[in-house]
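Participant: Sequence:
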Amino acid sequence: MTYYSRYVDDIFIVCNNQQHAINLLEFFNEAHPNIHFTMEHEKENMFHFLDIAIKQRKDGTVQRSVYKKDTWNGIYLNFNSFCPINYKNTLVKTLFHRTERICTSDTIEEEIMNVKKCLRNIRIPIEIH
1 MTYYSRYVDD
11 IFIVCNNQQH
21 AINLLEFFNE
31 AHPNIHFTME
41 HEKENMFHFL
51 DIAIKQRKDG
61 TVQRSVYKKD
71 TWNGIYLNFN
81 SFCPINYKNT
91 LVKTLFHRTE
101 RICTSDTIEE
111 EIMNVKKCLR
121 NIRIPIEIH
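Residue 4 in the UniProt record's numbering is what sits at position 4 of the sequence shown, and the numbering runs on without skipping anything.
Hints listed in this document are in silico derivations from the structure and should not be mistaken for laboratory results.
Mixed in with the good hints there might be a few duds.
What the hints assert, rightly or not - Within a straight-line C-alpha distance of at most 20 Å, the following computed DMTMM-like cross-link-like pairs (lysine to aspartate or glutamate) qualify: (1) K68 with E111; (2) K93 with E111; (3) K69 with E30; (4) K43 with E30; (5) K116 with E26; (6) K68 with E26; (7) K68 with E30; (8) K58 with D70.
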């Protein structure tokens with residue numbers, strides 16, 4: 001195992017090889033009969049963990065960007081909705097903070113543009129943050 005991270009009930013492990021990953025999965029699944037672990041494999045050198053898209057570059061380094069499921073429609077809340085302004089401000093700050101926290105230098109500009117487009121679509125002025 002070369003890397004391990006956990007968030008609540010999601011575990012991210014990088015193994016040295018496929019057989020090690022299979023052995024580890026079997027070990028976890030033997031821990032308790034009511035707990036079942038699954039394993040996802042990378043596809044085209046990419047996989048997703050929570051809201052992070054992780055891609056292995058040819059040189060072995062990692063590229064990270066924000067991952068959104070296929071069902072994501074880009075709607076959070078409309079600026080004209082009846083909710084406190086601090087909720088709207090916090091939404092803007094959170095989206096930009098997530099972008100800065102997740103993205104690598106080669107993906108951050110594109111994601112910032114995606115966030116701005118999303119905010120415009122729900123009529124939230126960017127300058128409120």
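Participant: Against this structure, judge whether each hint is valid.
Facilitator: Hint-by-hint comparison with the structure:
no.	hint	result
1	K68 with E111	holds, 11 Å
2	K93 with E111	holds, 14 Å
3	K69 with E30	violated, 31 Å
4	K43 with E30	violated, 27 Å
5	K116 with E26	violated, 44 Å
6	K68 with E26	violated, 30 Å
7	K68 with E30	violated, 32 Å
8	K58 with D70	violated, 26 Å
Figure legend: structure checked against the earlier numbered hints; hints not met, in rising order: 3, 4, 5, 6, 7, 8.
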